[in-house]
Amino acid sequence: MLVFTLRRLLQAIPSLIFIAIISFILLHIVPGGPAQSLLGQHSTPARIAAIDRSLGLNKPLPVQFGIWFWHLLHGNFGYSYSYSQPVMHVIMIYLPHTLEIVTVAVILAHILSVFMGTVQGYYQGRWFDHVITTLTFFLWSMPVFWLGILVVMIFSINLGWFPSGGITNPEFPGGFASYVSHATLPILVLMLSTLASWARFMRSSIMDAMVQDYVRTARSKGLSEFMVLFKHALRNSLLPIITLFGLSIPTLFGGALVVELIFNYPGIGLLTWNAAFQRDYPIILGTVMMVGVLTVAGNLLADLLYGLVDPRITYS
Amino acid sequence: MAVQPSAIIMADDTSTMPKGPSRGVRIFFRNPMAWIGLGGLLLIVAFSFLGPVFYHVNPLATNVKNLMSPPTAKHLLGTDDLGRDYLSRMMWGGQLSLIVGFSAAIASMIIGVSYGLISGLLGGWIDVLMMRAIDVLLSIPTLFLLLFLDVAFQPSPLVLVIILALTSWIGVPRLVRSEVLSIKQRDYVEASRAFGARNLHIMMKELLPNVLGTVMVATTFQIAGAILTIATLSFLGLGLPPPEPNWGTMLSNSMSYMYDNSWWLIYPPGLALLWTVLSINFVSEALRGAVDSRM
Chain A
167 MLVFTLRRLL QAIPSLIFIA IISFILLHIV PGGPAQSLLG QHSTPARIAA IDRSLGLNKP
227 LPVQFGIWFW HLLHGNFGYS YSYSQPVMHV IMIYLPHTLE IVTVAVILAH ILSVFMGTVQ
287 GYYQGRWFDH VITTLTFFLW SMPVFWLGIL VVMIFSINLG WFPSGGITNP EFPGGFASYV
347 SHATLPILVL MLSTLASWAR FMRSSIMDAM VQDYVRTARS KGLSEFMVLF KHALRNSLLP
407 IITLFGLSIP TLFGGALVVE LIFNYPGIGL LTWNAAFQRD YPIILGTVMM VGVLTVAGNL
467 LADLLYGLVD PRITYS
Chain B
139 MAVQPSAIIM ADDTSTMPKG PSRGVRIFFR NPMAWIGLGG LLLIVAFSFL GPVFYHVNPL
199 ATNVKNLMSP PTAKHLLGTD DLGRDYLSRM MWGGQLSLIV GFSAAIASMI IGVSYGLISG
259 LLGGWIDVLM MRAIDVLLSI PTLFLLLFLD VAFQPSPLVL VIILALTSWI GVPRLVRSEV
319 LSIKQRDYVE ASRAFGARNL HIMMKELLPN VLGTVMVATT FQIAGAILTI ATLSFLGLGL
379 PPPEPNWGTM LSNSMSYMYD NSWWLIYPPG LALLWTVLSI NFVSEALRGA VDSRM
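Heads up: the protein sequence lines correspond to chains A and B, in order. Here the first sequence is numbered in my numbering, starting from 167 and rising by one per residue. Here the second sequence is numbered in my numbering, starting from 139 and rising by one per residue.
The following block holds chain A by itself, in its conformation from the complex:
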């Protein structure tokens, strides 16, 4: 297990370096380069040359990459133009908010989709299956932002149950309860948008499992259908959804970006969106890399979880 973990950690390193290289290239293909975007309309050739010198942009590209990468290894993602602070510092203010809603949404989506998919796969072709299949098919085709608007219209404007935006109400600080009620709708939208594809996946996975030999064996041992389904079939069908989790991290953060914009929720999605309009390239690339790193870490975690769920896998 330890050897496997170490080997997977080593495999993650090239991925991270590659993400860094792509980010570096992107930063340098911006028309006019960093100096131009830093100066905006105040740019003159002399000023650009001065900034290029002070930022070390006049050095050969490989040298620049070396310096930049060296900073990166020290957690230095560069300097934000609009916040006048280190990128890492800014990201660390916003990232926890995003992680909170994404984590809760993922956990809820997992529980619900496993339950829905499992029962559906078992009652394949019956009315329960048809209803849920139709529902997930609609959800699956639904743009996240459209879902978000509908949720705001229903739960916030018409019913008035939850606030339509922000992270807490500055006029009536309600402590934890206010925080939860502000996070409810963003979490709901994020959860619904991931639920559909996972439930669909789970359904076909359970359908495959139900015709396997070990399920027949379990049945012939006289186990109750409940045990057969939830102990034998489910456990084996969980494997793909764990991998699916690792792979869907970038999509989840993409969904979070849209959700944060709709609910004006101050996470890294909203941060990136604001940065995009201010042409604050270091921030955008910082978040791209941050999510990249989180994805690599998530995939690593998914691989390790595999072993816990599936006893057939021994990491030797």
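Take these hints with a grain of salt, some might be off.
What the hints assert, rightly or not - A few chain B residues that face chain A, going by a derived Cβ cut-off under 7 Å, partial list only: (1) ALA245; (2) ILE248; (3) PRO279; (4) GLY408; (5) LEU412.
Hints listed in this document are in silico derivations from the structure and should not be mistaken for laboratory results. Glycine included, every Cβ here is placed at the ideal spot set by N, Cα and C.
Fit chain B to the supplied structure of chain A, relying on the hints for placement.
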């Protein structure tokens, strides 16, 4: 009378050849989902492209005396916050979504399928390297990257197609490659190779026709994805610059009027998007059923 031996083989070959594609096509068209999907798509295409032929209202003409009007006989879907006719904006917006979506999907499929074919056919360390690259690319958050590219290049429709294609092909190669790995072991590929066929020939003549089913299913995914991505980018205020209408921008504008009960501004673009993506997903599902049953 001497019969050419090759002629016999040829004749024999066609008579015993499994009716693969045609059977798949039959299964596809027997599925009601295929008809629902194709019908839905046809309707939205007709609405976007034929609609303006019958409904002559300029989607860009503003009218300060008639802002935010609910549907009337003159403006069938009312007007927006600048007094522009909403129905004709819906039609023109549809054209843009469909054209850019289909082009981006096809471009991304060309990249993805070639990548998968090359990787699967060549095998060995090239394959390992190419697949590792995919693993790495999969960890890059596409939407964040698109934000960056979008502000850096301020795209025209053509640039947008290129950007979308370059960022969305990554899911395709794996599907293609896994099929190529099994197909390339078959006798007819061996035979082709024995006749001295080059890799390019094998890819185009032997492999491509046999992965066509998978490719078609993946294409529908890509089209739905591209249309959603364009709408998302526009919703985020990026994508294509105004004043040309598109559904995403129309939705993000209408968000400001959610409290005014301006339902005609909020529901049509969202429903049109849902309709389009739903139709494509129906077709996709029917296609997948047909491809699966063929195997």
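Structure-inconsistent hints, enumerated in ascending order = Failing hints, ascending: 1 and 2.
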